[in-house]
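Q: Here's the letter readout for the chains.
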Amino acid sequence: MVTAVAREATTADAARASHIDAMLLHYEVETFNTRYAAALDEQRLNDWVEMFTDDALYVVVSRENFDRGLPAGLIYCENKGMIRDRAFALKETTMFAPRYLRHLIGNLAVLGQDAHGSIKATANYVLMQVLFDRADAKLHQVGVYRDVFRRESGHLKLAERRCIYDSLLIDNAMCLPV
Amino acid sequence: MVTAVAREATTADAARASHIDAMLLHYEVETFNTRYAAALDEQRLNDWVEMFTDDALYVVVSRENFDRGLPAGLIYCENKGMIRDRAFALKETTMFAPRYLRHLIGNLAVLGQDAHGSIKATANYVLMQVLFDRADAKLHQVGVYRDVFRRESGHLKLAERRCIYDSLLIDNAMCLPV
Amino acid sequence: MVTAVAREATTADAARASHIDAMLLHYEVETFNTRYAAALDEQRLNDWVEMFTDDALYVVVSRENFDRGLPAGLIYCENKGMIRDRAFALKETTMFAPRYLRHLIGNLAVLGQDAHGSIKATANYVLMQVLFDRADAKLHQVGVYRDVFRRESGHLKLAERRCIYDSLLIDNAMCLPV
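Protein chains in written order, with the working numbering: chain A, 17 to 194; chain B, 17 to 194; chain C, 17 to 194.
Just so you know, the hints here were simulated from the structure itself, not pulled from any lab data.
It is possible that some hints are incorrect.
Stated by the list, open to error - Sample of chain B residues at the chain A side, in silico, Cβ under 7 Å: (1) Leu-40; (2) Tyr-43; (3) Thr-50; (4) Ala-53; (5) Tyr-116; (6) Arg-118; (7) Leu-120; (8) Gly-122; (9) Met-144; (10) Val-146; (11) Ala-153.
Claimed, not checked - In silico lysine-lysine, DSSO-like type, Cα no more than 27 Å apart, as pairs: (12) B/Lys-154 / C/Lys-154; (13) B/Lys-136 / B/Lys-96; (14) A/Lys-96 / A/Lys-173; (15) A/Lys-136 / A/Lys-96; (16) B/Lys-173 / B/Lys-136; (17) C/Lys-173 / C/Lys-136; (18) B/Lys-173 / A/Lys-136; (19) C/Lys-136 / A/Lys-173; (20) C/Lys-173 / B/Lys-136; (21) C/Lys-173 / C/Lys-96; (22) B/Lys-154 / A/Lys-154; (23) C/Lys-136 / C/Lys-96; (24) B/Lys-173 / B/Lys-96; (25) C/Lys-154 / A/Lys-154; (26) A/Lys-136 / A/Lys-173.
Stated by the list, open to error - Ranges between beta-carbon positions, derived for each pair: (27) B/Phe-104 / C/Pro-114: 33 to 41 Å; (28) A/Thr-26 / C/Leu-40: 18 to 26 Å; (29) C/Pro-114 / A/Leu-127: 42 to 50 Å; (30) B/Gly-133 / C/His-171: 22 to 30 Å; (31) C/Gly-128 / A/Thr-19: 43 to 51 Å; (32) B/Lys-136 / C/Asp-83: 41 to 49 Å; (33) B/Gly-133 / A/Ala-105: 52 to 60 Å; (34) B/Asp-37 / A/Ala-105: 48 to 56 Å; (35) A/Thr-26 / C/Gly-128: 34 to 42 Å; (36) B/Glu-94 / C/Leu-40: 35 to 43 Å; (37) A/Ala-105 / C/Asp-83: 19 to 27 Å.
We put the beta carbon where it would ideally sit given N, CA and C, even for glycine.
Using the sequences and the hints, build the whole thing.
A: Have a look at this one:
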């Protein structure tokens with residue numbers, strides 16, 4: 017009888033420990049996304065590039081195209097070199113239309129971790145923008161990140177980030193990283 | 017002396033364990049809200065309906081009416097059958113004005129759990145919308161969820177969700193579930 | 017051999033405990049921010065004032081001025097008395113232009129805790145507003161909180177909150193607390 021009670025306690029402890037582990041992983045990914053947003057909002061683009069693995073996929077694609085399985089996107093980078101190029105292109109472009117950017121990332125869902133330590137996750141994002149000659153903040157882009165994270169030397173990096181935006185038409189600044 | 021120290025350590029451990037439990041419950045409700053938002057954003061309306069208990073109350077009401085204690089709302093469902101009807105009505109309506117929806121749910125506060133396991137919570141929500149013939153995302157509805165959750169077979173379900181929106185006038189699509 | 021394994025287990029346990037502590041602190045600050053937003057959204061301004069320490073600094077300043085190190089801001093309060101004055105001034109002002117406010121606070125980053133228990137943190141905020149004579153919600157102010165928290169009788173209080181908003185021009189209602 018005592019053994020059954022003890023076993024039950026152990027099972028409850030194990031379940032609790034496993035919930036705590038899930039919460040820790042959720043917290044780790046959330047922290048990553050917060051640092052990611054800060055790097056873009058503060059235009060620390062080198063820091064942004066370093067958040068990807070060398071072979072990372074980084075894609076910005078419309079919800080319409082994504083739902084149809086069409087790969088064509090605003091941005092399509094197959095490795096970190098291409099991501100770095102995109103960051104530098106941005107640095108030149110933003111000279112012409114200065115603006116402030118502000119990300120809000122929420123609704124994070126960590127979907128699971130496979131045997132190799134790859135972590136699948138999604139999160140909704142809102143990118144707000146204030147142009148230097150305009151008074152008000154605007155919703156610039158709204159969408160969902162579909163991500164694969166990998167651990168390198170103990171730290172999370174993005175192996176895949178697909179930014180799937182809801183907007184159907186795009187203004188000429190929309191090819192900003194998000 | 018040693019016993020007092022040990023007792024202090026035990027009290028601190030108990031406080032820590034209780035904080036962790038509060039955080040686990042917060043995380044569980046947050047996860048629920050993320051799945052809820054995804055079901056609506058991805059128009060998986062059957063999944064949305066299944067997140068309520070059979071006797072669930074689901075109400076969408078203006079902040080003005082709620083503050084005055086007036087029950088009249090845009091949507092008033094007293095059980096899951098009525099919620100299901102509302103979901104199907106939506107499916108037909110959206111044919112006429114196709115749009116993308118995107119929820120951001122934040123500022124979650126778990127207010128407490130009673131002896132029967134009912135959990136009271138609130139969260140702010142922002143529902144953004146992109147119409148298919150418009151370029152930009154708009155704030156469609158902004159408000160607060162006032163919720164009561166109940167556990168069924170180990171999983172959280174909504175026994176009550178009151179969506180109290182700040183907007184005073186409403187456009188004709190506002191009777192979407194939120 | 018056994019000792020090495022045991023030591024490794026202990027190190028892993030300590031790392032896990034330290035991650036949990038970080039998460040508990042993050043959760044505590046998040047909970048504070050949620051209560052802070054609710055106090056403002058529900059116009060409980062006395063409650064809002066009580067969330068600051070007696071010697072608290074509360075500043076609302078544009079990103080442009082903050083980046084240049086200019087202290088000039090929309091609001092500049094050096095202690096709780098000034099913060100209380102600001103709250104009462106608000107109560108009169110809002111009589112003339114009634115509106116609903118709704119905060120969404122996200123992207124919380126707890127940056128660290130010093131030897132005296134002061135906690136540095138940042139978070140992005142979005143303040144949405146619905147004017148009583150307008151149908152739609154608008155982005156009223158978007159920015160970042162740069163905070164220092166202090167513990168008083170076990171509870172967090174704001175010793176410093178700098179609200180750094182992205183918008184460059186401001187409408188006449190922007191001197192609301194945020």
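Q: Compare the structure with each hint and give your call.
A: Evaluation of the provided hints:
no.: 1; hint: Leu-40; verdict: holds, 6 Å
no.: 2; hint: Tyr-43; verdict: holds, 5 Å
no.: 3; hint: Thr-50; verdict: holds, 5 Å
no.: 4; hint: Ala-53; verdict: holds, 5 Å
no.: 5; hint: Tyr-116; verdict: holds, 4 Å
no.: 6; hint: Arg-118; verdict: holds, 5 Å
no.: 7; hint: Leu-120; verdict: holds, 5 Å
no.: 8; hint: Gly-122; verdict: holds, 5 Å
no.: 9; hint: Met-144; verdict: holds, 5 Å
no.: 10; hint: Val-146; verdict: holds, 4 Å
no.: 11; hint: Ala-153; verdict: holds, 4 Å
no.: 12; hint: B/Lys-154 / C/Lys-154; verdict: holds, 9 Å
no.: 13; hint: B/Lys-136 / B/Lys-96; verdict: holds, 19 Å
no.: 14; hint: A/Lys-96 / A/Lys-173; verdict: holds, 11 Å
no.: 15; hint: A/Lys-136 / A/Lys-96; verdict: holds, 19 Å
no.: 16; hint: B/Lys-173 / B/Lys-136; verdict: holds, 12 Å
no.: 17; hint: C/Lys-173 / C/Lys-136; verdict: holds, 12 Å
no.: 18; hint: B/Lys-173 / A/Lys-136; verdict: holds, 25 Å
no.: 19; hint: C/Lys-136 / A/Lys-173; verdict: holds, 25 Å
no.: 20; hint: C/Lys-173 / B/Lys-136; verdict: holds, 25 Å
no.: 21; hint: C/Lys-173 / C/Lys-96; verdict: holds, 11 Å
no.: 22; hint: B/Lys-154 / A/Lys-154; verdict: holds, 9 Å
no.: 23; hint: C/Lys-136 / C/Lys-96; verdict: holds, 19 Å
no.: 24; hint: B/Lys-173 / B/Lys-96; verdict: holds, 11 Å
no.: 25; hint: C/Lys-154 / A/Lys-154; verdict: holds, 9 Å
no.: 26; hint: A/Lys-136 / A/Lys-173; verdict: holds, 12 Å
no.: 27; hint: B/Phe-104 / C/Pro-114: 33 to 41 Å; verdict: holds, 38 Å
no.: 28; hint: A/Thr-26 / C/Leu-40: 18 to 26 Å; verdict: holds, 24 Å
no.: 29; hint: C/Pro-114 / A/Leu-127: 42 to 50 Å; verdict: holds, 44 Å
no.: 30; hint: B/Gly-133 / C/His-171: 22 to 30 Å; verdict: holds, 28 Å
no.: 31; hint: C/Gly-128 / A/Thr-19: 43 to 51 Å; verdict: holds, 46 Å
no.: 32; hint: B/Lys-136 / C/Asp-83: 41 to 49 Å; verdict: holds, 42 Å
no.: 33; hint: B/Gly-133 / A/Ala-105: 52 to 60 Å; verdict: holds, 55 Å
no.: 34; hint: B/Asp-37 / A/Ala-105: 48 to 56 Å; verdict: holds, 49 Å
no.: 35; hint: A/Thr-26 / C/Gly-128: 34 to 42 Å; verdict: holds, 37 Å
no.: 36; hint: B/Glu-94 / C/Leu-40: 35 to 43 Å; verdict: holds, 40 Å
no.: 37; hint: A/Ala-105 / C/Asp-83: 19 to 27 Å; verdict: holds, 24 Å
Going down the numbered hints, you'll see the structure goes against none, and every one checks out.
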